[in-house]
Amino acid sequence: MSDPIIAAARRAAAESFGVLEAAVDGLDARALNARPAGEDTNSIAVLTTHALKSTRMLLGIAVGQPPLPRDRPAEFAATATGPEALLELLGTLGADILATLDDAGTVDWSAVRSFPRADGTRAEMTAAWALIHGIDHLRGHADEAALTRHVVTGSR
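Using the numbering used here, the letters of the sequence shown map in sequence onto residues 96 to 251.
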């Protein structure tokens, strides 16, 4: 029998991927890169890129995998020339995230995970916190991307 926590996380991640796909699909570069609330806010391209890469890192930590290298500043500088590259990233990283969960096996949710920060220090969190934070963070950014699409296009 599979871990019901992993199954729930997988379902929540897949639902968030659907929200991101709907936010990206069919938009041109102008809409994907728009920052309608000001230059200090995030575009759909940024939200999609950051949400996927941070989720992959956090869920990998949750299930005990070594964290993948990340360039967080580059995530927040991401731009898109159209929806194709973002949808490809969503397909590739989304599948990788789901495979990470599928391959998790038995997880001790109370285990403390240590991982490197960008500044060279180390941080710690429990496996449970990494999983919950990763899923929550993904959905938050997916919903932000959907709202940004609505503001930019005036439609759902």
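Hint data in this document are derived by calculation from the structure and do not stem from the laboratory. Glycine residues also receive a C-beta, built at the ideal position from the N, C-alpha and C atoms. Do not take every clue at face value.
As the list claims (entries may be wrong) - Pairwise CB distance ranges (calculated):
{"#": "1", "residue 1": "V207", "residue 2": "T174", "range": "34 to 40 Å"}
{"#": "2", "residue 1": "A102", "residue 2": "E183", "range": "22 to 28 Å"}
{"#": "3", "residue 1": "T136", "residue 2": "A109", "range": "39 to 45 Å"}
{"#": "4", "residue 1": "S209", "residue 2": "F171", "range": "38 to 44 Å"}
Mind checking the hinted window 34 to 40 Å against the Cβ distance between V207 and T174?
Because 37 Å falls inside the window, the suggested range holds.
In this structure, is the beta-carbon distance linking S209 and F171 contained in 38 to 44 Å?
violated, 25 Å
That 39 to 45 Å hint for T136 and A109 (C-beta), does it hold up?
violated, 27 Å
Cβ distance range 22 to 28 Å for A102 and E183, holds or violated
holds, 27 Å
When held up to the earlier numbered hints, the structure conflicts with 3, 4 and fits the remainder.
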